[in-house]
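A.B. asks: So the chains spell out like this:
Protein chains: 2
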Amino acid sequence: MIRQSKKFLKIIPLGGLGEVGRNMTLFEWEGKILIVDMGLRMPEEDMPGVDYLVPNTEYLKGRAKDILGVVFTHGHYDHIGAIPYLLGRIWRPNLPIFASPLTRGIILKRQEDFPEQPVLKIYQVYDKSRIQLGPFRIEFVRMNHNIPDNLGLFIESPVGNIFHTSDFKFDKTPVNDLPTDFERLRSIASRKILLLMSDSTDAEEEGHSLSEKKILKNLEEIFKASKGRIIVATFSSLINRIQQIISLSEKYHRRVCLEGYSMRGNVEMCRVLGYIKARKGTFISSRQIERFSPSQITILGTGAQGESEAVLMRIALKEHPYIKIRKGDSVVFSSSVIPGNERTVQIMKDEILKQGARVFHYKMMDIHAGGHAKAEELKKMIRIMKPKFFLPIHGQYSMLVAHSQLAQEAGMKDKNIVVAENGDIINLSPRKIYLEKKKVPANYIMIDGLGVGDVGQVVLRDRQMLAKDGMFVIIVVVDKETGKVRTSPDIISRGFVYLRESKRMLMETRKKTIAIVERATGSGRAVNWSYIKDEIRNKIGKFLFQKTQRRPMVLPVVIEV
Amino acid sequence: MIRQSKKFLKIIPLGGLGEVGRNMTLFEWEGKILIVDMGLRMPEEDMPGVDYLVPNTEYLKGRAKDILGVVFTHGHYDHIGAIPYLLGRIWRPNLPIFASPLTRGIILKRQEDFPEQPVLKIYQVYDKSRIQLGPFRIEFVRMNHNIPDNLGLFIESPVGNIFHTSDFKFDKTPVNDLPTDFERLRSIASRKILLLMSDSTDAEEEGHSLSEKKILKNLEEIFKASKGRIIVATFSSLINRIQQIISLSEKYHRRVCLEGYSMRGNVEMCRVLGYIKARKGTFISSRQIERFSPSQITILGTGAQGESEAVLMRIALKEHPYIKIRKGDSVVFSSSVIPGNERTVQIMKDEILKQGARVFHYKMMDIHAGGHAKAEELKKMIRIMKPKFFLPIHGQYSMLVAHSQLAQEAGMKDKNIVVAENGDIINLSPRKIYLEKKKVPANYIMIDGLGVGDVGQVVLRDRQMLAKDGMFVIIVVVDKETGKVRTSPDIISRGFVYLRESKRMLMETRKKTIAIVERATGSGRAVNWSYIKDEIRNKIGKFLFQKTQRRPMVLPVVIEV
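Here the protein sequences line up with chains D and G, keeping their order. Using our numbering, read the first sequence as starting at 55 and increasing by one per residue. Using our numbering, read the second sequence as starting at 55 and increasing by one per residue.
Worth double-checking, as some hints may not be accurate.
For lysine to any residue, the following SDA-like pairs were computed, each having C-alpha atoms within a straight-line distance of at most 25 Å [unchecked claim]: (1) G/Lys408 <-> D/Ser458; (2) D/Lys593 <-> G/Ile545; (3) G/Lys557 <-> D/Ile392; (4) G/Lys434 <-> D/Pro375; (5) D/Lys596 <-> D/Val615; (6) G/Lys587 <-> D/Val539; (7) G/Lys305 <-> G/Ser339; (8) G/Lys596 <-> G/Gly576; (9) G/Lys381 <-> G/Lys434; (10) D/Lys417 <-> G/Ile392; (11) D/Lys522 <-> G/Phe168; (12) D/Lys271 <-> D/Lys246.
Short derived list, chain D residues pointing at chain G, Cβ under 7 Å [what the hints assert, rightly or not]: (13) Met101; (14) Pro102; (15) Gly103; (16) Phe168; (17) Thr602; (18) Arg604.
Calculated from the structure, these hints are not laboratory results. C-beta: ideal position from N, C-alpha, C; glycine also.
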C-alpha cells in the first residue's frame, strides 16, 4: 500500500476546532479509522430556524467497513449529540462503540427520542480499561469535568503515544467525584507522549478553575439564608451540580421538585446508574408544592440560559401551570451564560426581579464553575505530559492560539505546536508533525426539523432576507389573447409594512405593475415572461425602497389565462 | 388649576429604565414640561430588520406649547440619537434646546444626515451655566464620563432640588478631561438634595471603574512593543480614547489613518471645536499607508463590536479596498462588547488571528474602561449628595435593583427609594415620593428605514416566522363556471426547503390543493372562498410539517377566472 510507505498517522478534526462544540476527530492509519466523539453545537445567530449544527461526515462516505470503532469521552451533547443524525451514515452491524457507564446511559436515553434509529450496542469502559481497535491501543483515564465518568484517552498508535485530555479541569476537591489523580497522569507521561491533544476552551482565562467544593460552599450560604422557596436553574447535564442541590436540600430539610423533561429524565437515569443519590421521599411533583411551607421547597429545573421552552423562562413569563414567582423566593442561576444568550438571560432575570424574587447569578458570587482547565492548569498538564508535539483542541480559533502560547510558556517550541482547523489533515510521525495542504470537507451540516443538511446557504440567505424586510408577492393574471391584465393584481405581503396603513403605496404598485406588463405584451413581439418578471422585481423593488427604505423580497407571479 | 393643588412634581421616564439606552425623561409641573435627553437604543435580537428603538412620545402629542425646553446631558446616541425621529413630533418654532459645545456639535453633525429636518438652534451651556425654564432653574455640573463635555443637572424645582448625574464615573486621573471636582459636588449637596437620580449602568459591578490613565498606560505598552502596524478599533463616540490613540501615535512616530465615516466625521468636528488635538501631518489617507513602513502606521477605525458595515469587519473579511491584515500587525479592540455582540466579535477576532495578526482585547488587559461608576463610586455619590429620595436611572431592571441595594448600604431607607419603569409617573413632593397607578405609553417605537413606529407587533411576528421556516405561497386558478382548477397550482417558496430536491413533496402538495378546492367548489353550495383558503392553509401546513417538521408560513391565493 502506498499509504503505508508514508508512515504517517492522520488526525482529522471534523469539528470542535475553531468553534465550541461539534467535537469529532478521526485517527486514520493505513486507511483504517478510529472515531472519537460525535458532538453537536447550537447554530449561529444568522441561522434562523436551524436547530443544531453537526459535523460533515462526507470523508467517511462509503467507508463504513474502514471504521474500527467509535469512542466517546463523556456524556455532554457537544461530544455525543450528533449520534442520531450521523451514526446512520457510518453505520454497519457490529460497529464497536465504547463509553463509560454514565455516557452510555445518556446516549441510550437520548436514542429513545429517535425511535427509527438502530439499537446501539455500547461497550462499557472505565478508568484504566484498555481496548484494542486495529492498530490503536486505547487506555481510558478518568479526568475531572463537571459531569462524572469523563474519560481522557491514552492512545498507543503505530507512530507513538497520544494523550487526548477530553474536556477537563484539575479539581483537588471535587464534589460527587474523585480528585484528579496526578500520580496516574505522571505514570502515563512516563511512557512518553508523542502528541498531546488538550482542551482549549478556557485557555484565554487566567489562573485556575474553581473547585466544586467552593461552589458548594457558596450554594450552601444561599440555602442557609433563604426563608422562602429556592428555585435553581442549571443545565440538566451538570450532574454534579444537580447532586449538590439535592444534597443541600436534604440537609436543609427541603423537598425537591424536579421540573423539565430533560432534568427529570437525567436525574432518573443517573439514580438508576448510581450517579445521583437521594433519599426516599426527597422528590415531590409540582402539584405537591403547596402542601409544604416555602422554606421546605427547592425547585430544580432547566433554563438558566434563557431557553424559551425551558422551565425557568416559563415561570418568569407566568406561563407555568403550577409555579409562580412570589416575594421571598430565591432564584439561583447556577450556570454560566453561553455567548449569544446574554440578552435573553437579562430579560428573564429582570422579569423575575419584577415579580419580587431575589436573584443569585454567577457574576454576583461563585455559584457556578465551568468544567474547563484555565491557563495555569493547562500549563501544568503540558508540563506533566512533556509531549514532543502539541495540538490544542476544543475551542474557538482565538482559544487555540492562546493555548499554543501557553504551551510555549510551558517550554514547548513553536515549531512543535500545530494550530489546526476543522478539516485539516494533521500528519504525525515520530519525528514530524505537519498539516497537509489538502483539506477534507468540514463545513457545518445544519439540522432543521427532520432535515439533515438540506438547509443550505440559499435557504438560509432567503430566511435572513425575509427576516429583515419581509416579502412582497405580486400576482398578475394576463389574458393570453389580448395581453391585457385581467383584474387588479393581487398583492400578498408579510413582514414588510402594515398593509392597511399603506393603501396608497399598494395602489401605485398595482398601477406600475400593470404598466410594466402591458408595455411588454403590447409591443407586438413575442412575449418574454421572464423579462417581464425581472422588470417587475427590479422596478417595484426600487419603488418600494424609495417609499420605505426597505428591501422586501419581491416575488412576481404571472398567470396567463 | 386642579393640578396645582396637588403640589406634586411629576417625573416621567419615557425610556432608559429597565433597559440600557433610549434615555428620555420628562419633568412636569402644572402641565409644563422639561425634557432631558432623547436617546435611541439598538433593537433586540428578535426584531429583525429594525434599525433602532426610540421612546414613545404619545404623552406629548399636541402639547408642543407646554414644552419648556429640551436639555441634553452629553453627546452619546443613547442620549441624543432619537432627535431626528422624535423632535418633529414635539417641534415648535423657538423651542429652546440646550447642550454643551461638544454635544451640540455632535447633534448638528448628525442632523446633516437628515436634510428634511428643521434647522436646530441649540444654546450652548457649560459647567456652572445656569438657565431658567419655567419653574425649573437648572445649573450644569461637569461630570466625568468617556466623552468630554458631559453635564449633570442640578435642578431647582418648586418641590425641591433634584440632582441628575447624567452618565458618570469618578475619575481622579482622566485623560483629555479634568478630574472630578468633588468640592463642587459637595457644595451642591450642601444646598440640599430632595431627589438624586443616578446612573445605574454598572451598579452590578463591584469596586471602582478604571481610570483612563491606567488605560493609556496599557495602550502605551502595546505601542512600545509593536514593530508592525497598529490597528485600533473603538467607538467613534469615545472621543477621549481616540485622543489617546492619536497622542500615542505621535509620541511613537506613527501616522494615523482614520477609517470609517463616523470616525472621520467625529474627529474632524472635534478638532474644529478643540476637543481633539493633533499635529499637522499626523493624519494620512488609506492610500498613503504604503508610503510608510509598518512601524510608522496606526489605523484607527470603528467596528470593535463586530458591526457588519464597520471598518474592522471589512478588513477582517478581506473586503477593504486598501487595508489587508498582515503578519506583524497588532489589532487592538478598545471597547467593551455590548451584550448580544459577543459571537460576532469572536468570529471577527478569529478571522484576524487566522490572517496572522496579534489581537489585544479588553479581557486580556485593561485597554478599555467603561464610562460608568461602579458600586463603590455609586455609594460615594449617594453619600456625598445625601438625598432624601433616590431614583436609580439608566439601566436594566436588575441594575436598578442593584443600585437601590447600594443606596441602602449607603444608609438610605428602603421606603425613600423608588425603582420605577418606563412610563411610570413618579410623584414628588418635599415629603413624599410615590408611583401613580396610571402609566403613560412607553413601549418601543421601532425605526425601520423611513418608518417611525410603522413596524408593529404583527409585522415583527411575521418576520420572525418567515425567518424560522420561510414561506410557502400556493396559487390556484379556478374556472368560475366549472369550479375546476385550471392548471397545476403555482408554488412559490423561500427559506423553507431546497425546492429542487423536494419535487415529490411539491407534487403531492399540488394534488392535495386541487382536491381541497374541487371538493368545495363541487359541493353544489355557494362557494366559500375564505373557507377554502383556511382549508389549504391548515391541511397543507400539516402536510408540510409532517414531511419536514417545519412550519413555513402557508399563504393560499385563489384566483377565479
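A.B. asks: If a hint holds in the structure, say so; if it doesn't, say that too.
C.D. replies: Against the structure, the hints come out as follows:
Between G/Lys408 and D/Ser458 the alpha-carbon distance is near 13 Å, which keeps this suggested pair within the 25 Å criterion. Proximity of D/Lys593 to G/Ile545 is assessed by CA-CA distance (about 23 Å); at most 25 Å being required, the pair is judged to hold. At most 25 Å may separate the alpha-carbon atoms for a hinted pair to count; G/Lys557 and D/Ile392 exceed this at roughly 39 Å. Distance hint between G/Lys434 and D/Pro375 is unfulfilled; the C-alpha atoms sit about 45 Å from each other, more than 25 Å.
Using a Cα cut-off of 25 Å, the hinted pair D/Lys596 and D/Val615 is violated, with the two alpha carbons roughly 28 Å apart. For the proposed pair G/Lys587 and D/Val539, the alpha carbon gap of about 24 Å is at most 25 Å, so the pair holds. A distance of roughly 19 Å separates the Cα atoms of G/Lys305 and G/Ser339; the hinted pair therefore holds under the 25 Å criterion. Taking the CA atoms of G/Lys596 and G/Gly576, the gap is about 23 Å. The hint holds against a cut of 25 Å.
Straight-line distance between C-alpha atoms of G/Lys381 and G/Lys434 comes to about 47 Å, which puts the hinted pair past the 25 Å bound. The suggested pairing of D/Lys417 with G/Ile392 holds, with an alpha-carbon distance near 16 Å, which does not exceed 25 Å. Pair hint D/Lys522 plus G/Phe168 holds up; C-alpha atoms about 23 Å apart against a cutoff of 25 Å. Restraint check for D/Lys271 and D/Lys246: the C-alpha separation of about 39 Å exceeds 25 Å, so the hint is violated.
Interface restraint check for D/Met101: the shortest CB-CB distance to chain G comes to about 10 Å, outside 7 Å, so the restraint is violated. With a cut of 7 Å, the hint placing D/Pro102 at the interface with chain G holds, because the nearest CB-to-CB distance is about 4 Å. Proximity of D/Gly103 to chain G holds as hinted, the smallest CB-CB distance being about 4 Å (cut-off 7 Å). Interface restraint check: D/Phe168 against chain G, minimum CB-CB distance 12 Å, threshold 7 Å, status violated.
Because the beta carbon of D/Thr602 sits about 5 Å from the nearest beta carbon in chain G, less than 7 Å, this interface hint is met. With a cut of 7 Å, the hint placing D/Arg604 at the interface with chain G holds, because the nearest CB-to-CB distance is about 5 Å.
Going through the hint list in order, the structure does not satisfy hints 3, 4, 5, 9, 12, 13, 16.
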